[in-house]
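A.B. asks: The chain contents come next:
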Amino acid sequence: MEATINENLIIEKCQKGELETFGTLYDSYVQKIYNFIYYKTFHRELAEDLTSKTFMKALENIDRFSSDKGRFSSWLYRIARNTVIDHYRSKKNEFDLADFWGISDKLDLHSQLENQQSVEEVKKYLTKLTKEQREIVVMRVWDDLSYREISQILGKSEASCKMVFSRVMKDLRQNLTHLLLLVLLIKLIK
Amino acid sequence: MKSKSQKIEELLKEVYQIDRSLSRYEKELKKIISHLLETRPDAVIDEAFKERLKNEIMAQIEELKGEREKKFSLASIFNFGTPAYAVAGSLVVLLLVGGIYFSQKSNNGFGGVISFNTIGENGFGKLTDQNTNNVPRAEGLGSGSSPAPSETTKTSSDTQVTGRGGGGNSGMAVVPPVESINYRYIYGGEEIVIDKSNIDVLKRIKGENSASGVARMIKGVNLGLIDLNAFGNSKVEGITLYQDKDRGYSVYLGFYEGIISIYKNWRTWQNQSRCLELSSARCEVPTTNPLTLEDIPSDEVLIKIADDFIGEFGINTKIYGKPEVSQTWRAYVSQIEDGSMAVPEEMQVIYPLIVDGKKVYESYGEISGLTVSVDIRNKQVASIYNLSTQNYDRSSYKVANISDILGLAERGGMNNYYYSDQASKTQDVKLGSPEKVYMKYWKYDSVTGISDELLVPALNFSVQDFPQNADYNLKRNVIVPLAEELVNQTQLDYPIPLIEKSAQ
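Chains as they are written, first to last, in numbering that gives the first Met the number 0: chain G, 0 to 189; chain A, 0 to 503.
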C-alpha cells in the first residue's frame with residue numbers, strides 16, 4: 000500500500016511537470032515490463048524494442064493516467080500489451096494476433112525465437128488454451144500479477160479472471176495424464 | 000519474493016475459492032502449477048539496454064520539459080512586455096523554443112542527458128590530421144575557450160579565442176613572467192596495467208536538421224528589411240537574443256553546433272576598462288582600481304553567484320559534477336603581489352562534464368565543462384559557455400602501449416611545447432598514479448577547415464606536492480590520451496631542444 004502511495008506521489012509530480020521523477024517509475028517497472036513482453040515474444044531484441052516503445056508511450060501520456068481508474072502498474076501493462084498486439088498486427092495483418100502464440104510455425108518469426116526448449120515444452124500446455132485463457136495464466140503464474148491487476152489490464156472483472164484460471168486448471172488436470180506422458184516422451188527423445 | 004511452494008499454495012487457494020471440488024485433485028493440480036512455474040522462461044534483461052533506454056527516456060523528458068517549461072522560464076527572463084515588442088517577443092520565444100526543441104529532436108539535450116550511438120571500429124577515420132599539424136586559431140563571435148559560435152567548426156580548445164563575447168581568461172591581460180623554469184615530469188606512481196586492446200573514442204554529434212526546422216518556423220515572417228522567404232533552402236546556423244535593460248545579457252543559440260552561450264550585452268553594461276582609463280563622472284566603477292587580491296571573493300561566494308544564475312536560467316546541470324573555481328590564475332599570484340601583474344577581472348567557475356562516470360579534461364590539463372565567468376567588480380555573472388548538446392557517436396580505437404603512454408606523461412602530455420633555453424633552472428616534479436578520464440580533443444581537418452570534437456579515454460597524472468611558487472608553465476594535470484595514434488603522433492610532434500641541458 001505504501002508503495003502505491005509513493006507511486007501516486009511520483010505520478011502526481013510527473014503530471015505537475017517534474018518529469019525527471021518518471022525515472023523512478025522506470026527503475027521500478029523496466030524488468031517487469033520486459034518480462035511481460037518477453038513472455039509474449041520470446042525474442043530478446045523484439046522485447047527490448049517493445050519495452051522501449053512502452054515506456055516512451057507511458058511518458059508521453061502520463062498526463063492521461065488517473066489513479067481513480069486503476070493502478071499505474073495496470074495502466075503500464077495495458078500499454079505494453081497493446082504495443083505487442085500492434086506489433087504482431089503490423090507483421091501479419093490478416094490474423095488477429097495478440098502474441099507469439101498465435102503465430103503459425105511456418106512463419107519466419109518462429110525460427111528466431113530464443114529459449115526454444117522452454118517454448119516447446121510450455122507449448123504443450125499453453126497452445127491448447129484460448130488466447131484469453133493463456134494470457135490470464137501467464138500473467139498470474141509467470142508475471143505474478145494479482146487478479147485485480149489482470150482484470151484492469153484486460154478490462155474484465157476480477158471474478159471472471161479467477162473463473163477462467165480455475166477452469167484452465169480443471170481442464171489441464173483432466174488432460175494431465177496425457178500431458179505427463181508427452182513430456183516424458185520429449186525428455187526421452189532429448 | 001515468494002517461494003515456489005508459497006506461490007503454489009496461493010494459486011490453489013484462489014482456485015478452490017471458485018471451485019471447491021477441485022481440492023480433491025490437489026496433488027495433480029500442484030504438479031500442473033509446479034510445471035508451469037518451472038517452465039517460465041529466463042527473461043534476463045540486458046543491463047546495457049536498461050541503461051541505454053533510461054538515457055533515451057531522460058532525453059525524451061528533456062524534450063517534453065523543453066516544450067512545457069523552457070518557453071516560460073526563458074520568456075520570463077526576456078520579458079517583452081510592451082506592445083511594440085509583442086510580435087518580436089513571440090518570435091523570440093518561438094525561436095527559443097525552437098532552439099531548445101531542435102536540440103532534443105535527435106535525442107539531444109542541453110545539460111540534462113548524455114546519449115551514445117555506437118558505430119564500427121575506427122569509425123571517425125584517422126584521429127590526427129593527415130595534412131598538417133597546424134592547430135587552428137579561433138576568431139569571431141566566440142565566448143571563452145569554447146568554440147566560437149560562427150566559426151566553431153574551425154576552432155581548437157587548445158587555442159585562445161579572440162573576438163566579442165567574453166569568457167575564457169578574460170578581463171585584464173595576464174601575461175607570463177619573463178623568467179621561467181623548465182619542468183621535468185617524473186612518474187612516481189604505481190604500476191599501470193591496461194587490460195584492453197581497444198578503447199571507445201566519442202565524437203560529439205552536431206546536427207543541422209533542427210536548424211532547418213527553425214528556418215522553416217521563421218520563413219513566413221517578413222521582417223521588413225529582409226524577406227526571409229527569399230532565402231530558399233536556408234538554414235539557421237545561430238541567432239543572438241539580447242535583453243534590452245541595464246546589465247542585460249545576450250544569448251547565442253548555435254543551432255548547427257548545438258551550443259548556447261550567454262554573455263553580457265555590452266551595450267547595457269559600463270565598459271569598465273574605459274571607465275578606469277577615463278575616470279569619467281558617468282562611470283560607477285566599484286571597488287579599487289586596479290583590483291587587489293582582497294577583492295577576489297571566496298570560492299564559496301563565486302560558486303553561489305554561478306549557481307544562482309544557472310538556476311535563474313533553468314539550465315540543467317545534471318550531467319555536470321560539483322562546481323570548482325579555476326585556479327589557473329594562481330600561477331601568477333607572486334607577480335600580482337609584487338605589483339607587476341593585475342588581478343583578473345573575472346574568475347571562472349567550472350562545472351566538470353562527467354561522461355561515463357569520468358571527468359573530461361582539456362588536453363592541456365584544465366578541467367572541461369560548463370563554465371561560468373564571474374565579474375569580480377560587479378559580483379555578477381559575465382558569461383556562460385561550454386553549454387552544449389551531449390550526444391556522441393562511439394567508435395573503437397587501438398590502445399597505445401604502456402611505455403609510450405608513460406613516456407608521453409613524462410614529456411608533459413600533449414601539446415607541451417614549452418621549453419625555454421633561457422630558463423634559470425630545471426626542476427623535477429613527481430606525477431602520481433593516474434586517474435581514468437576523458438580528454439577533449441579537436442580533430443582538425445586542414446583541408447576542410449572543420450574540427451570534430453572528440454572525447455578520448457585518457458589518463459590524468461596529477462602533479463604531486465604542487466610547488467607553491469610554481470611557474471605558469473607547470474601543469475597541475477598531465478593528460479595522456481590512450482589512443483595509440485594520438486600518442487604516436489605526439490611523439491613525432493614533440494619539440495626537441497637544440498642543445499640538451501645534459502650535453503652542455
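For the record, the hints were derived by calculation from the structure and aren't laboratory data.
Bear in mind that the values here come from a model prediction, so they are computed numbers and not experimental data.
Incorrect hints may have been included.
Below, a list of computed lysine-lysine pairs in the DSSO-like style, where the Cα atoms sit at most 30 Å apart [said to hold, decoys possible]:
1. LYS31/G - LYS127/G
2. LYS429/A - LYS31/G
3. LYS56/G - LYS29/A
4. LYS31/G - LYS29/A
5. LYS52/G - LYS29/A
On the chain A side, residues computed to face chain G include the following (Cβ under 10 Å) [to be verified]:
6. SER4
7. GLU8
8. LEU11
9. VAL14
10. LEU35
11. MET57
12. GLU311
13. ILE314
14. THR316
15. ILE318
Cβ coordinates follow ideal geometry from the N, Cα and C atoms, glycine included.
A.B. asks: If you draw a straight line from the CA of LYS52/G to the CA of LYS29/A, is it 30 Å or shorter?
C.D. replies: violated (37 Å)
A.B. asks: Under 10 Å is the threshold here; is the Cβ of THR316/A close enough to any Cβ of chain G for the hint to stand?
C.D. replies: violated (13 Å)
A.B. asks: Measuring from the C-beta of LEU11/A to each C-beta in chain G, is the shortest one below 10 Å?
C.D. replies: It holds, given that the least Cβ distance between LEU11/A and chain G is near 9 Å, below 10 Å.
A.B. asks: LYS429/A and LYS31/G: Cα distance at most 30 Å?
C.D. replies: violated (52 Å)
A.B. asks: Given SER4/A as an interface hint, is its Cβ closer than 10 Å to any Cβ of chain G?
C.D. replies: This hint is violated: SER4/A lies away from chain G, its Cβ roughly 14 Å from the closest one there, beyond 10 Å.
A.B. asks: Min Cβ distance, ILE314/A to chain G: is it shorter than 10 Å?
C.D. replies: Violated. Min distance 15 Å.
A.B. asks: Is the hint on LEU35/A kept, meaning its closest Cβ partner in chain G is under 10 Å away?
C.D. replies: Nearest chain G Cβ about 5 Å off; hint holds.
A.B. asks: Are GLU311/A and chain G close enough, Cβ to Cβ, to be under 10 Å, as the hint says?
C.D. replies: It is violated, given that the least Cβ distance between GLU311/A and chain G is near 18 Å, above 10 Å.
A.B. asks: Is the hint on MET57/A kept, meaning its closest Cβ partner in chain G is under 10 Å away?
C.D. replies: holds (7 Å)
A.B. asks: Within a Cα-Cα threshold of 30 Å, do LYS31/G and LYS29/A meet the stated pairing?
C.D. replies: holds (25 Å)
A.B. asks: Please check whether GLU8/A passes as an interface residue: C-beta within 10 Å of a C-beta belonging to chain G.
C.D. replies: Violated, because the Cβ-Cβ distance from GLU8/A to chain G comes to roughly 13 Å (cut-off 10 Å).
A.B. asks: Straight-line Cα separation of LYS31/G and LYS127/G no greater than 30 Å?
C.D. replies: holds (26 Å)
The structure does not agree with the numbered hints 2, 3, 5, 6, 7, 12, 13, 14, 15 stated previously, though it agrees with the rest.
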